Every structure is written in structure tokens, then in C-alpha cells.
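Engineer: Dock chain G against the given chain U, drawing on the hints supplied.
Protein chains: 2
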Amino acid sequence: MRSDLNNLRGKLRTEMPVTRHMGIRVVRQQGGGVLLRAPLAANVNHKGTAFAGSLNATATLAGWCTVWLLLREHNIDGHCVIQDSSVRYARPVCSDFEARVEAPAEDVLTRFFHSIRRRGRGRIELSVTVADRRGVAVHFRGRYVVGTDPGVARDT
Amino acid sequence: MRSDLNNLRGKLRTEMPVTRHMGIRVVRQQGGGVLLRAPLAANVNHKGTAFAGSLNATATLAGWCTVWLLLREHNIDGHCVIQDSSVRYARPVCSDFEARVEAPAEDVLTRFFHSIRRRGRGRIELSVTVADRRGVAVHFRGRYVVGTDPGVARDT
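Residue numbers (our numbering), protein chains in the order written: chain U, 1 to 156; chain G, 1001 to 1156.
Excised from the complex, chain U in its bound form (with noise of 0.2 Å):
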């Protein structure tokens, strides 16, 4: 889990350089999302809070990060795309900022890998709130959808 954690953090690094600019760092899963932390400094806005674009980015990249880890740890080898989210800002960010994964239940969990072993797609929706030293500021829900790669061995 921790080199999966590792291999995450790397392929961010590498491979998606805005991820970098914003200063995202994924800090650890915790009871089945993914925490990530992001500074104020590199994504404030005109007002010296946190600019809605960073939060969002924030909470889809937290979401995607949760599906790839759970692909992982279930062996799965899919890709991950957004297909559709929502976000409401209920107040200002004022300091630096954690993007939290609620954690899927696990009949919706369960339904998820059905499908993606049947069917070789599954879909699954995320909720994120974004928080900062005052608490939650922002509700996010994101539809994510796994397709598995051609060659890969399902059990159907």
C-alpha cells in the first residue's frame, strides 16, 4: 500500500506538472480515500483565498487518486476518467487546504468491481469536502468511470 502511495505520488510528479504548480501532495488513504493537502500561497486569488478553480481541481484529483488506488489494491489494471461532477463553495478558503475522500460504502464498492470484472467498465461516485483550518468549506461529488485495459484477465 505504501509503494502504491509512492508510485502515486511519483506519477503526479511526473506526469501531471500542474498537480506540481499547485503544490498537491498526497498525504496518505485513509479509511478507503485518499487525503491531499494543498498550500494556499500558489493558488490564491485577487481576494487572498483560495481560488475555486485550485479547490476543484483539488477535490477531482482526490477522487481520481482514490479510484487509482483502489484499482491497485484490487489488481486491476484500468484507467480512470471524470465523467461528470458538482461543487458548491460554501465560504471562503482562508489557509492552506485538505481535499478528503468520503470512503465509498462497500455494497457500492462491491457493485463497482462486479462490474468492472463483468463488463470491463464500472462507474463510481465520490464525495470530497475541502476543508481548511476552520473546517469544511466545500462539497464536491464527482461520477468517475474505469475501463480496463484490452488484454487484461477478467473473471468472466
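There may be inaccurate statements among the hints.
[Stated by the list, open to error] Partial list, derived from the structure: chain U residues whose beta carbon lies under 8 Å from chain G:
id, residue
1, Pro17
2, His21
3, Leu61
4, Ile82
5, Asp84
[Stated by the list, open to error] Far from chain G, some chain U residues (derived; all Cβ distances over 10 Å):
id, residue
6, Leu5
7, Glu15
8, Leu35
Hints in this document: simulated from the structure, not taken from any laboratory.
Keep in mind the model is a prediction, meaning the values are calculated, not measured.
We put the beta carbon where it would ideally sit given N, CA and C, even for glycine.
Structural biologist: This is chain G only, laid out in the frame that chain U set:
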């Protein structure tokens, strides 16, 4: 109008560093909206397509820039934040991309400015599309809230 555009460009460059890292440029106003452009290279993901978070950030910013310019044109000293948004990523973005704001309907604009002048606060929903060289790939809707700063002259 040209000087408003240049002021906006300067504001992004100096006060929102992440827009510089993403290479986002304010190209021009058109039909009541704003056109932004960004390079794939600065926003690329591990698949060689544009990171969804960058696409969302560019669309979010395009809406915000549109409201910022509308306020200047109407001589309103107000600040604008995004309240919520939703986005659908219809397909991957495979080249440099543009975010284009649809011009709001005339009656929508009338209600928006009326509310700001009467109550010091207004809300407007904007549609933004993001396109690469093959056409539109992302559909975004965002609601932006404007509040006037204390001491601003109003017509009430």
C-alpha cells in the same frame, strides 16, 4: 473596454499565480462573454490529455472574468465569488483548449443588475463550454454571486 481587458489580464498575472502556471490567457470579449485560452502542455495528465481539474479551473475563471468585466462596464464596484457549479466532461481534450462563456440573455442581465442596485447583491448563472481543436468537449454551468462593497453609490 480594451483597458478593462488589460486590467483584468494584469490582475490575473499578479494576483492569481496559478493562472500563470496554467498558461491561461484572456483572449477577448465576445458577445457579452469572455474567451480564455490555455495550452495542453501546462495542463497535461498522465494520458497526454488535459487534466479535468485544469479544464474546470479554466471554465470557472472564464465565468468569473465575464462577471468582473460586466461590473466594470456598468461602473459597479463589487466583488464576485462562485457559489456552485456543475460540469460534464463529454470526452478527453487532446490539444490546447478554449473556454467560451455564452452571452447571458438580456432579461437575465437586467434582473442581475437590478438586484445589485436594489439590494447590493445579485446572482447570475453562466454557461461555459470548453473546446479543443475538434470542438466542444466540456459543458460547465456556474452560479456567481456579486456583492457591492460598502460605500458604493446605489440607486436606492
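Engineer: If a hint holds in the structure, say so; if it does not, say that too.
Structural biologist: Hint by hint, here is what the structure shows:
1. The interface hint given for Pro17(U) holds, since its Cβ lies 7 Å from the closest Cβ of chain G, which is under the 8 Å cut-off.
2. Hint status for His21(U): holds, given a least beta-carbon distance of 4 Å to chain G, under 8 Å.
3. Look at Leu61(U): its Cβ gets to within about 6 Å of chain G, closer than 8 Å, so that hint holds up.
4. Because the smallest distance between the Cβ of Ile82(U) and any Cβ of chain G comes to about 5 Å, under 8 Å, the interface hint for this residue holds.
5. Nearest Cβ of chain G to the Cβ of Asp84(U): about 4 Å, under the 8 Å cut. The hint holds.
6. Remark: the non-interface label on Leu5(U) is consistent with the geometry, its nearest Cβ contact in chain G lying 16 Å away (cut-off 10 Å).
7. In this structure Glu15(U) is not separated from chain G by more than 10 Å, as the shortest Cβ-Cβ distance comes to only about 4 Å.
8. Listed as a non-interface residue, Leu35(U) keeps its Cβ farther than 10 Å from every Cβ of chain G; the least gap is roughly 17 Å.
Consistency with the previously given hints fails for number 7 only.
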